[in-house]
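Novice: Could you build all of it, start to finish, from the sequences and the hints given here?
Residue strings, one per chain:
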Amino acid sequence: MAAFAQKLSAAMKIFRSSLLAIALVLPTAAGAQRADPVYLEDRFNQLQQSITMLTGQIEQLQYRNQQLQQQLEKMQADYEYRLDQMEKGRGGAGGPRPAGGAAGGGAQAAAPPPPPPAPPAAGGSADQMYHDAMKKLQDGDNAGAERGFKAFLQSNPKHTLAGNAQYWLGESYYARKDYQNAMTAFAEGYKNYKTSPKGPDNLLKLGITLAVMGRKADACQIFSKFSQDYPRAPDLQKRRVDQERQKNGCG
Amino acid sequence: MMKTFKALAAIAAMIVMAACSSQQEAAGPATTTVTPGSIADFRQNVGDRVFFDTDQSTIREDGRQTLARQAEWLKKYGQYKITVEGHCDERGTREYNFALGERRANAARQYLIAQGIPAARINTVSFGKENPDPPGSDEAAWARNRRAVTALQ
Amino acid sequence: MMLPRRSTILGGAALAAGAAAVPARAQLTIDMTRPSFEPVPIAIVDFAGDRVGADIANVVRNDLQNSGLFRSIPPSSFIQRDVNASTPPRFPDWRQIGAAGVVVGEVGQAGGNIKVDFRLWDVVVGQQAAGLSFTSQPANWRRLAHIIADAIYKRVTGEEGYFDTRIAYVGESGPGNARVKRIAIMDQDGANNRYITDGRTIAVTPRFSPTLQEIVYMAFGEDRSSPPRVYLQNVDSGRRELMGNFPGMSFAPRFSPDGTKVVMSIAAEGRTNIYEMDVRGRALRRLTNSSAIDTSPCFSNDGAQIVFNSDRGGTQQLYVMSAGGGGERRISFGEGRYATPVWSPRGDWIAFTKISGSSFGIGVMRPDGGGERMLASGFLVEGPTWAPNGRVLAYFRQQPSSAGRTGAVTLHQVDITGRFERQIPTPTDASDPAWSPLIPQ
Numbered sequence: 001m002a003a004f005a006q007k008l009s010a011a012m013k014i015f016r017s018s019l020l021a022i023a024l025v026l027p028t029a030a031g032a033q034r035a036d037p038v039y040l041e042d043r044f045n046q047l048q049q050s051i052t053m054l055t056g057q058i059e060q061l062q063y064r065n066q067q068l069q070q071q072l073e074k075m076q077a078d079y080e081y082r083l084d085q086m087e088k089g090r091g092g093a094g095g096p097r098p099a100g101g102a103a104g105g106g107a108q109a110a111a112p113p114p115p116p117p118a119p120p121a122a123g124g125s126a127d128q129m130y131h132d133a134m135k136k137l138q139d140g141d142n143a144g145a146e147r148g149f150k151a152f153l154q155s156n157p158k159h160t161l162a163g164n165a166q167y168w169l170g171e172s173y174y175a176r177k178d179y180q181n182a183m184t185a186f187a188e189g190y191k192n193y194k195t196s197p198k199g200p201d202n203l204l205k206l207g208i209t210l211a212v213m214g215r216k217a218d219a220c221q222i223f224s225k226f227s228q229d230y231p232r233a234p235d236l237q238k239r240r241v242d243q244e245r246q247k248n249g250c251g
Numbered sequence: 252m253m254k255t256f257k258a259l260a261a262i263a264a265m266i267v268m269a270a271c272s273s274q275q276e277a278a279g280p281a282t283t284t285v286t287p288g289s290i291a292d293f294r295q296n297v298g299d300r301v302f303f304d305t306d307q308s309t310i311r312e313d314g315r316q317t318l319a320r321q322a323e324w325l326k327k328y329g330q331y332k333i334t335v336e337g338h339c340d341e342r343g344t345r346e347y348n349f350a351l352g353e354r355r356a357n358a359a360r361q362y363l364i365a366q367g368i369p370a371a372r373i374n375t376v377s378f379g380k381e382n383p384d385p386p387g388s389d390e391a392a393w394a395r396n397r398r399a400v401t402a403l404q
Numbered sequence: 405m406m407l408p409r410r411s412t413i414l415g416g417a418a419l420a421a422g423a424a425a426v427p428a429r430a431q432l433t434i435d436m437t438r439p440s441f442e443p444v445p446i447a448i449v450d451f452a453g454d455r456v457g458a459d460i461a462n463v464v465r466n467d468l469q470n471s472g473l474f475r476s477i478p479p480s481s482f483i484q485r486d487v488n489a490s491t492p493p494r495f496p497d498w499r500q501i502g503a504a505g506v507v508v509g510e511v512g513q514a515g516g517n518i519k520v521d522f523r524l525w526d527v528v529v530g531q532q533a534a535g536l537s538f539t540s541q542p543a544n545w546r547r548l549a550h551i552i553a554d555a556i557y558k559r560v561t562g563e564e565g566y567f568d569t570r571i572a573y574v575g576e577s578g579p580g581n582a583r584v585k586r587i588a589i590m591d592q593d594g595a596n597n598r599y600i601t602d603g604r605t606i607a608v609t610p611r612f613s614p615t616l617q618e619i620v621y622m623a624f625g626e627d628r629s630s631p632p633r634v635y636l637q638n639v640d641s642g643r644r645e646l647m648g649n650f651p652g653m654s655f656a657p658r659f660s661p662d663g664t665k666v667v668m669s670i671a672a673e674g675r676t677n678i679y680e681m682d683v684r685g686r687a688l689r690r691l692t693n694s695s696a697i698d699t700s701p702c703f704s705n706d707g708a709q710i711v712f713n714s715d716r717g718g719t720q721q722l723y724v725m726s727a728g729g730g731g732e733r734r735i736s737f738g739e740g741r742y743a744t745p746v747w748s749p750r751g752d753w754i755a756f757t758k759i760s761g762s763s764f765g766i767g768v769m770r771p772d773g774g775g776e777r778m779l780a781s782g783f784l785v786e787g788p789t790w791a792p793n794g795r796v797l798a799y800f801r802q803q804p805s806s807a808g809r810t811g812a813v814t815l816h817q818v819d820i821t822g823r824f825e826r827q828i829p830t831p832t833d834a835s836d837p838a839w840s841p842l843i844p845q
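Chains as they are written, first to last, in this note's numbering: chain U, 1 to 251; chain G, 252 to 404; chain R, 405 to 845.
I should point out that these hints are in silico values taken from the structure, not numbers from a laboratory.
We put the beta carbon where it would ideally sit given N, CA and C, even for glycine.
Careful, some of the hints might be misleading.
Some chain G residues near chain U, calculated using beta-carbon distances under 10 Å [to be verified]: (1) Tyr362; (2) Gly367; (3) Leu403.
Specialist: Spelled out as structure tokens, the structure:
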């Protein structure tokens, strides 16, 4: 978070300095009283240049912002994943179990009965697959991540991380603006892994995807299911749902 | 900020250079006699071209002086139709350079209009990087090629 | 003109399914996407039955060799000399010279036409891998050879071939300050070169219609003061038409994938915007409205989007918008200036020219701007164009001019991995290559 704040403030600095630059480029008030055509021509050109410069900077800032947002989401995912691992007491390097089994209670409030009887061997291979796919997503290799999560889900459909994998599969499409596939992935995630820790995320993102696709009515319907299905979801998520409902004019 | 300073420094340097080069021209061959008001007169005594910085279409200070002289001359000899040709150096892509050449030609045209030449008298055309003068692949040639040439008919 | 027609498929489906089970040094398959591979050694025997058979074999050898994916084994080293088109070759003889595949064929007469049968034998598993038969006018023998090379390429790489295609380009001659530039068309391998403009005025940036029957390009007027314009020319008849008569210059034309529209730039008053023109009705529609330079538009393979370059943000960058205009978003954010974007016929990549510092490069990026990588670079490289299979690019390269000598301008091709690059021979200096789709059969 600190890094994010730092980058943002750096970005704002650039923005401010560019405004200052314009102030320098623009003619002085005294000069503005002259109205000869050459002067007006110059002034027009200077304004045009300022607009161009600003356009470029806004594009760069938007891009940087988008990157930071993605980075943040991935960091969050990574953090959740590590937390999950620790709670399950099988962190890659045999990390210590969190003291007291109840520690996981908060995070998994909505998560009901433990996963089905015969989860696939908890061997490193499934975890490794998940981890590799997540790494690809973090590196921006969305197609690689898509393949990775698909392979993971195919061989480990009942794994405790399957709900997460399904969600990130959806994200890998969403990042590429492949909304059709993203919608399908989130919908499947919601349907098949409703009680997974990622269940609420799947539902929220399904609604957002529908909204992006212009299917506002469907999106609103999905958002309305949220409080119903996940009454104990974190406040942050609830607020996000409210925002989305407002943004899309849901009744 | 740094950029702005650099740009200002560059402009200052250009003004100095322009001063030098016009002195050189003044000291050059003034011996040939040309008919006042002829195309040769325009080219030799007024200067038919202005130059641009890399990727830029802003009229530089040296160019302003040339264009001001051109406008004076063109007001005096109203019989000519004017085509401003925009050109680029070879360090750009072909299609973009057509557009950049047009933008340079237009910048020169607007400057002439602002100096009182009727818009209807001035036409523009862009040659992009298709018509180097002089041909060459060094900075000196490129600087001469980033130009707008006022051609008279 | 009568085009070659595929009449029978002898055994294209008889795939060598057991190939993986047989250990061998060389196999008759290649995965182009692997980071490294050895070219497939292949033996192409002169086709029997007619004098043209040797010529056909030569064209096939050249095509395959020039792709960089095959190594044509010199006929002088062949052991079996009595190989026959209809019976299997003696596989041990071919294994001994290291061939993974053997191509044999026969030319026959059919009325006034020639009939060509060919088979590709998989030496590794000892089976036929492909076989086709074609009939055509004798004059079209080169096309038959290219179609055979395409079939072999497809069988071995799993990708569509690109040999039965043409390349339009700008033929250049004369000194730098009085350069003659005219539009030429040749077969992909350099044969059948011809000029479709006379060189009296400069003509550049040719682009094929999807049927190859028309070319759009930009040409200057006879009068130096008249602006250059976009023309549409019928390749066979030579008839040419002005694409709309409007104030300002028009340039950078390109067909839509369905051939019904042409996008181009129109510059006026220092602004350059992108327009779309209906080829039949000539209705003109403006797609961008910026005060900057928007140019080099190119449709996506599905026709739904357009990629172009613009300097609205201060330097040339790539933007994508929807085909009808609107929804513009910047996709390039690397260091340098990006220009001449071209969408792959497969839709998976956008090729571009990149100018960074004092060097030019040809690169590709994903349509969302990710995965950028450079395939070629030099003093001046420009103008990528895709072969129809979306796996090979052509572009042009210009050497610096010095001491009044104009630097050479040449066409080149490179595969999408950047591994294999070669010069495409042309009779004169050449720029602005435009690779055609596969010639309709």
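Novice: Each of the hints needs a verdict: does it hold here or not?
Specialist: Evaluation of the provided hints:
1. Because the closest C-beta pair between tyrosine 362 (chain G) and chain U is about 6 Å apart, less than 10 Å, the hint holds.
2. Checking glycine 367 (chain G) against chain U: minimum C-beta separation of about 8 Å stays under 10 Å; hint holds.
3. Taking 10 Å as the C-beta contact cut-off toward chain U, the hint placing leucine 403 (chain G) at the interface is violated, the least distance being around 22 Å.
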